[in-house]
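There are 2 protein chains.
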Amino acid sequence: MSALLRVGVAGTGRIAQALVSGAAFAPEVRIVAVSSRHQAAATEFAQRYGIGRAHQGADRLADDDDVDLVYVASLNHLHHRDVCRFLDAGKHVLCEKPFALDAAKAAEMIAAAERNDRFLMDALWSRFLPSWQRVRSLVDDGAIGAPRSLSAELGFASTDPPHGRLRDRGQGGGSLLDSGIYPHAFASWFLGEPERVHAVADIGPTGVDDETSCTLTYASGAHAQIRSSFRDALASAAFVAGPDGAIELSPRMHRSTRVVLRRLGRDDVVETLPYEGNGLHLQLTHVARCIAEGRRDSPVMPLAETLGILRTLDAIRAQIGLRYDTDAQDQ
Amino acid sequence: MSALLRVGVAGTGRIAQALVSGAAFAPEVRIVAVSSRHQAAATEFAQRYGIGRAHQGADRLADDDDVDLVYVASLNHLHHRDVCRFLDAGKHVLCEKPFALDAAKAAEMIAAAERNDRFLMDALWSRFLPSWQRVRSLVDDGAIGAPRSLSAELGFASTDPPHGRLRDRGQGGGSLLDSGIYPHAFASWFLGEPERVHAVADIGPTGVDDETSCTLTYASGAHAQIRSSFRDALASAAFVAGPDGAIELSPRMHRSTRVVLRRLGRDDVVETLPYEGNGLHLQLTHVARCIAEGRRDSPVMPLAETLGILRTLDAIRAQIGLRYDTDAQDQ
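If you read the protein sequences in the order shown, they are chains A and B.
Count the first sequence with our numbering and you get residues 492 to 822, in order.
Count the second sequence with our numbering and you get residues 492 to 822, in order.
One chain only, chain A, in its complex shape:
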């Protein structure tokens, strides 16, 4: 039996709350500590969720010897700094998506994991859902032939104010990194890294994209069409197709419980694949198993793939003119 994985949470925002709630369904892990810039926020969070230790600041969490893994749930533009800090302190790390604002930063984070011989993973939790796993196994079993045509979208009409996180260039805002990361992770899973990208976007008044539509083409001849939106309540479906049929994941592809196998001349096969809670515990169970097995990289969400997805997003951002404040600092 593997030992219980002791998890510290860096951050107290909405996704941190969701992960801690979800962790109740993962018997392999225990949330033992939380950190926040403000002691009061950390204490309040710890009390609400029954967490033993509340630290002021990430450094104290990094120094907590009774933490095996840190879940980094800070703001997008702080992931790079925080992930490297925790890795250098000897922790394993699960980093909330988007993993980094660009591929160069992701490469540095991966190098930090390697030099410290620690486990690191991009928290693309949807990939661990029964529905996503079912699509994967249908494709692997040849249900549709070789996948070559993919389309995926995720979008909603945001009511976030102009100065909110979602629309703040300083904090890595925009629909591409917030919503688009899911359809891009879906496409990458089945088609790998594209050879070429073409993207168009509606850039809002704060300089981030309200909607981005991309076409990705692959050396294999495959095509993917991807869309993310803050402005429109998209149906948010995902499809992967081959010569023998298509598989649909919808609605709300990032947390879907419904998979439809469509083949010409046959009735659709609809499967409902529920999960407990909000589903965020599934990635924790996976991470706990990886670490227990001595792995440093997840076979389901490998770091090389995280890097490839970010290279694709970098190319899209260059085309649509989505620049982050951190980009300027890099020049």
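Hints listed in this document are in silico derivations from the structure and should not be mistaken for laboratory results.
Quick caveat, the model's predicted, so the values are computed rather than measured.
Don't be surprised by glycine CBs; every beta carbon is placed ideally from N, CA and C.
It is possible that part of the hints are untrue.
[What the hints assert, rightly or not] Distance windows between CB atoms, simulated:
no. : chain 1 : residue 1 : chain 2 : residue 2 : range
1   : A       : Arg606    : B       : Arg687    : 55 to 63 Å
2   : B       : Arg687    : A       : Arg814    : 17 to 25 Å
3   : A       : Pro790    : B       : Gln508    : 16 to 24 Å
[As the list claims (entries may be wrong)] Which stretches of chain A does chain B cover? Using the computed rule of at least three CB atoms under 8 Å from a CB of chain B, they are:
no. : segment
4   : 610–623
5   : 646–657
6   : 684–695
7   : 728–734
[Unchecked claim] If the Cβ cut is set under 7 Å, some of the chain A residues that face chain B in the computed set are:
no. : residue
8   : Ser640
9   : Thr706
10  : Ala710
11  : Gln716
12  : Ala724
13  : Glu739
Based on these hints, arrange chain B on the given structure of chain A.
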């Protein structure tokens, strides 16, 4: 009451057969004549469907004074010639899609209708289906807000041989004009004519596209993503979305009986909207009504829109290098 519309069918191929079968459900029309290059084919077709007159050649059908409307079901590259011939003989015309191989030819066909004061329509029959009409009325009623995000695809894995019609450049082959015309007609209906197009394609050994993926952008800021395929059995869904939700038409968007209204925070509303036969009679009923009312252009599938769709397809063809033999003749 309007008089019965007497219809002649130019061509005896699969779509001509489908239209004649469908016409049994349109009491406003009667199929009274058929023409084919070969007398035997015309006679066989007439006998099979109980049609009174079988003509050898389009000229004899054009001279048939007891025909009000000709349904042009010849090969794609012959539509231009045949439509002009029937209009000049004083017939109203319903022309099978693709209406023409390019916008320039379509403009000549429209000019022929105008100079002869005859009715002319692009046979985009799907637009008359209860499901398509339902999507239209939901959008018009504001169910999703102003439509700005659209994706639509239609594709199948073709078993047509390399020398078959679908892959013959001489006959206007390729997935774009064969399957793509449906998602393009869907996009045009809600978003109008795009300002810019971007297309990528897999061009097969005969020089036509096996699969084409397009992004269309509009002056309004709207985005559409469209795909057609001969190589992959796509799920063939269509979505139109706005700030308040999305509407889905699937599966097999071109002949769908299923409309789903998806709005965040509400249960999906699924409607099943069946139709009689193959649905091809619905456009005939519409055409009969237009002609009875003295119209020369359909308010549901106007000629100006047909022209706009073909301009879009022209731009896409230029990008993907899909050239027809008739293009060379035009130089």
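Discussion item. I'd like to know which numbered hints this structure contradicts. Please list them from smallest to largest.
Written reply: Of the numbered hints, 1, 3, 4, 10 do not hold.
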